Each structure stands twice: as structure tokens, then as C-alpha cells.
Amino acid sequence: MVAHLQQGSEAAFRTLVERYQDRIYRTVLSLLRSPEEAEDVAQEVFVEVYQTIGQFRGEAALSTWLYQVATSRALQHCRKARAKKRFAYFSSLLGFDNGVLHEVRDHAHPLALLEGQEQLQVLQAHIARLPSRQQVAFTLRHEQELTYEEIAAVLRTTLPTVESLLFRARQTLRKHLQPRPGHV
Amino acid sequence: MSNSPLLPDSDQDWSDLMRQLQAGPPARPRSGFYTRVQARLVADTAVAPSWWPMWFHRPAYALLLGALLITLSGDGSALRPAQKVGSCESCPDEQPQRELKR
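In order, the protein sequence lines correspond to chains A and B.
Mapping to my numbering: the first sequence position 62 is 62, numbers consecutive.
Each number in my numbering comes from the position in the second sequence (counting from 1) with 1000 added on.
Looking at chain B on its own, in the form it has when it is part of the complex (with noise of 0.2 Å):
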């Protein structure tokens, strides 16, 4: 049903057309693939797998880790609720605040 005699409908069809197109000796890869191959492989083999995760060798992992760690570590002044507002250590001088009473 096709209007094109370059546009076959059948399986077999399409396959010839691609068979025609494709004028030529089948495409190869070059000589001494297998050579290529074997010196890839050593290539990784050699490469010493690291005993860090994956995931901490990207960056942003890294330093979201960092974060954390500095969070959590040391006096934990990162998790202190702020000071009070109105109270100020260098202004001796100032009275206490007192709460208010009725």
C-alpha cells in the first residue's frame, strides 16, 4: 500500500531496502581488536579499586558529609539555641531583665 516503491510495507521488504542501502562490505572493527580488548582490561584490572564508596567521590556528597560531620562534632555550638535578644556581655552596666509580673 505504499506510494513510494522506496517505502515497503513488509517485513522482508524493509530488511532488503536496508540490505540495498547498505552498499558495501559489512562494516568491522579495525585490526587487532582483540589486542585492544586485552589492553583494556588490563587497563582496569590494574586501576586499584578504592576502598572509598562511590557516592563520596562526587563533590557535592562530599561536602554535605563534611557538614554533617562538623555539625555533629565538637561542642555542638551549631545546635545552641541563639541568645537572648536585649542581652548584651559587654555592657556592664545593664540590669538583669526581669520577667514581668502582674
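Extracted from the complex, chain A is given alone in its bound form (with noise of 0.2 Å):
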């Protein structure tokens, strides 16, 4: 297939879109939480991947690639919407907006207390604040199912370094989740 997609076969094209689009659209949304944004990354990625295959060397598997891609990119719009977020905020503390952009204040729940939805949604948000590998290392483990060694090669890292940051990842979740005496 990546023979054919090197010569710009659109045939090949369409069945690696067809082949990989909810996979790829899955992780995307799994790292943005939106429907409309997942859909744009996940766009994006197919186009780079369409427009860069000439330097893939078919070091990693072909799925690898492209969840490398899709990781980056997700990543990357996550920066530019962060970014837009803080100069919106500092316009509006500023007086050059008259919108009040406040964040929303966190009423993390332990997860016990909620029901079905609401915990997932406290619980995406809190691994939405995990540090970006460890995010991707949480999200492509526990939510796409890849192995260890499927992350390591996306991560382009070891074994070990997988292991440490899906240990340091649940543990951060496992804190700010845990139920707090007198929570009720």
C-alpha cells in the first residue's frame, strides 16, 4: 500500500482514509474532547499524510506513522487553543474585551459521588491536565488499547519510559480523584 500511496495512487489514498479514519478520528477526539475540532485534526492529518508520504521510510509501521501524526497534531491545536485561551484572558483582565472569559471554576468530584457521564467527563478533564506525553501515553493505552510497545514506537521512546509515564500518569489521576474525607 505505501508503494502505491508513494506514487500518488489515489485508490490506495482512499482506502487508507477508509482504513484508518475512526481510529484516527478516535485518538484525535480522545485528546481535543470535540466533535467539530477532531473532525478538522483529523482532516488535517490525512492531507499531511497524504502530502509527506514520500518520506516515509517504513522504519515504523504505517499505523504507527500515523498515529504519530495524529498525536502531534492534536497536540499542537491544543497549544494554539491554550494560547487563544490565555490572550482572550488577559485581553479581558486588560478591559479590551467586555466578555467575561473567567475559567470555569473546577468542582473536581471524586468520581464515586457521580453518575455515568458526569465522571467521565471529571475524569477526561483531569487527564486533559496531565502533561502532554503522559496524556497521549494515557489516552493511546487506555482509551485507543495500543500495547506498550505500539506507544513506545508513537512516542518514539523505550519500554520503561512508557511504563513511567502511564505510572505517573494514573497516579496523578488516582490523586486528584481520590474521595476527600468529609466530601460528601
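Heads up, a few of these hints could be off.
Unchecked claim - Computed spacing ranges between beta-carbons, pair by pair:
| # | chain 1 | residue 1 | chain 2 | residue 2 | range |
| --- | --- | --- | --- | --- | --- |
| 1 | A | P160 | B | P1059 | 29 to 39 Å |
| 2 | A | S92 | B | A1060 | 17 to 27 Å |
| 3 | A | R86 | B | S1010 | 30 to 40 Å |
| 4 | A | R86 | B | A1023 | 27 to 37 Å |
| 5 | B | A1060 | A | Q6 | 34 to 44 Å |
| 6 | A | T157 | B | L1072 | 40 to 50 Å |
| 7 | A | E10 | B | L1072 | 46 to 56 Å |
| 8 | B | S1010 | A | Y89 | 37 to 47 Å |
| 9 | A | Q6 | B | D1011 | 36 to 46 Å |
| 10 | A | Q121 | B | G1066 | 47 to 57 Å |
| 11 | A | Q6 | B | S1010 | 36 to 46 Å |
| 12 | A | R86 | B | D1044 | 43 to 53 Å |
| 13 | A | A61 | B | D1013 | 20 to 30 Å |
| 14 | B | L1065 | A | S34 | 31 to 41 Å |
What the hints assert, rightly or not - Simulated coverage check for chain A against chain B, where a stretch passes if three residues somewhere in it have a Cβ under 8 Å from a Cβ of chain B:
| # | region |
| --- | --- |
| 15 | 7-20 |
| 16 | 141-151 |
Hints are computed from structural coordinates only; laboratory data are not their basis.
Everything numeric in this text was worked out from a predicted model, so none of it was measured.
Using N, Cα and C, we set each Cβ at its ideal position, and we do this for glycine too.
Given two chains presented individually in distinct reference frames, assemble the corresponding complex, making use of the accompanying hints.
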């Protein structure tokens, strides 16, 4: 398939998109949490893949390369969104904008007190606050169910590093989501 | 060692928890995804590449380059030293300044 893609075959590109679109969309969605933004970024991923397939040397699996492009695009999108949010916040502080853009207060209830969808949202909000590599590792492991070896390939790192990233991510989540005494 | 049954320890338990919380069919892009990717690809390639370098598209860099060109071109007046203090071309009676000699 790679050879056909590198020759510019439209049929091969169509096959690639149809084969991987759900996985790539879900990965991006789990990092961005917005279906519209996920669709946009997933499209960008396939456009980039089409435009740069000539650089693919086959050192990793094609799916690994797709995950690499998808996670880096999603994180880039997150960084831009955060920068925009910060700019809007400072603009509102300096009075350039009349809109109120204060951060929504985080009422972090422990998971045990919440119902299904709420539990998921609270957990997702905490996952989104993890450092980017921990976030990617956690998402790929527990939402996309990739193996440790696959995650190591996507993050271009070693197996012990992936273990450490996941350990720290879980520890942080447990710390934030642990029921506190007196929290009823 | 978790105090809560909802906060698992093991790797597999976390995957199970995520699966359990994400009840319902797995998320999918809207139908016609490939058509939209293709349209985007066509739109991307339709945009003629600019022969200006990317950095030139930023107004600050363009202004800086303009200022640099003005400074370096022409008669170089911007680089000429300032006139001597005390000399006045519009004052004909003024005596040329003499250097103080001991």
C-alpha cells in the first residue's frame, strides 16, 4: 500500500483513509474532546500524510506513523487553543474585551459521587490537564488500547519510559480523584 | 490499594473503567469523511505557492526589512553624523568657530 501511496494512487489513499479514519478520529477526539475540532484535525492528518508520504521510510508501521502525525497535530491544536484562551483572558483583564472569559471553577467531585457521564467528564477533564506525553500515553493505552510497544513507537521512546509515563499519569489521576474525607 | 472501587490500580482495570464509562457506540467521523479530506486536499493544492518566503508574510518582519532597506539605500543620510553643535547655516554673520589654541 505504501508503494502505491508514494506513487500517488488515489485508490490507495482512499483505502488508507477508510481503513484508519475511525481510529485516527477517536485518538484525536480523546485528546481534544470536541467532535468538530477532532474532525478538522483528523482531516489535516490525512492531508499531511498524503503530502508527506514520500518521506515515509517504513522504519515503523504505517499505523504508528499515522498515530504520530495524529497525536502531534492534536497536541499542536491544543497548544494553539490554550494560547488563544490565555490571550483572550489577558485581553479581558486589560479591558480590551467586554466579555467575561474567566475560567470555569473546577468543582472536582470524586468519581464515586457522580453518575456515568459526569464521571467520564470529570475524568476527561483531569486527563486533559496531564502533561502532554502522559496524556498521549494514557489515551493511547486506555482509550485506544494500544500495547506498550506500540505506544513506545508512537512516542519514539523506550518501553520503561512508557511505563513511567503511564504510572505517573495514573498516580496523578488517582490523587485528584480520590474521595476526600468530609466531601459528601 | 485503592480506597474507591472506581479508582483502579492495575493497567487493565483502568482500561476497563474507561470502556465502562464510555458507554455507547464508539465515536466515528460524520459520513463522507473521505470526500471532505479530498476536497481539502484539492483546496490545499489549488492555492498557488507564494514565492515570498514565509517569514515575509509577517508584517513586523516586512516593516523591519523595509526600514533596513531605507537605511542602507539612497544617500546614506541616515548614517551621516549629526551636525556640529553651535554651527548655523542661516546665520551669515556668524564667525566660523576657531579651535582654541593655547
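Consistency of the hints with the structure:
{"no.": "1", "hint": "A:P160 to B:P1059: 29 to 39 Å", "result": "violated (48 Å)"}
{"no.": "2", "hint": "A:S92 to B:A1060: 17 to 27 Å", "result": "holds (25 Å)"}
{"no.": "3", "hint": "A:R86 to B:S1010: 30 to 40 Å", "result": "holds (37 Å)"}
{"no.": "4", "hint": "A:R86 to B:A1023: 27 to 37 Å", "result": "holds (35 Å)"}
{"no.": "5", "hint": "B:A1060 to A:Q6: 34 to 44 Å", "result": "holds (39 Å)"}
{"no.": "6", "hint": "A:T157 to B:L1072: 40 to 50 Å", "result": "holds (49 Å)"}
{"no.": "7", "hint": "A:E10 to B:L1072: 46 to 56 Å", "result": "holds (51 Å)"}
{"no.": "8", "hint": "B:S1010 to A:Y89: 37 to 47 Å", "result": "holds (39 Å)"}
{"no.": "9", "hint": "A:Q6 to B:D1011: 36 to 46 Å", "result": "holds (37 Å)"}
{"no.": "10", "hint": "A:Q121 to B:G1066: 47 to 57 Å", "result": "holds (51 Å)"}
{"no.": "11", "hint": "A:Q6 to B:S1010: 36 to 46 Å", "result": "holds (42 Å)"}
{"no.": "12", "hint": "A:R86 to B:D1044: 43 to 53 Å", "result": "violated (29 Å)"}
{"no.": "13", "hint": "A:A61 to B:D1013: 20 to 30 Å", "result": "holds (28 Å)"}
{"no.": "14", "hint": "B:L1065 to A:S34: 31 to 41 Å", "result": "holds (39 Å)"}
{"no.": "15", "hint": "7-20", "result": "holds (count 3)"}
{"no.": "16", "hint": "141-151", "result": "holds (count 4)"}
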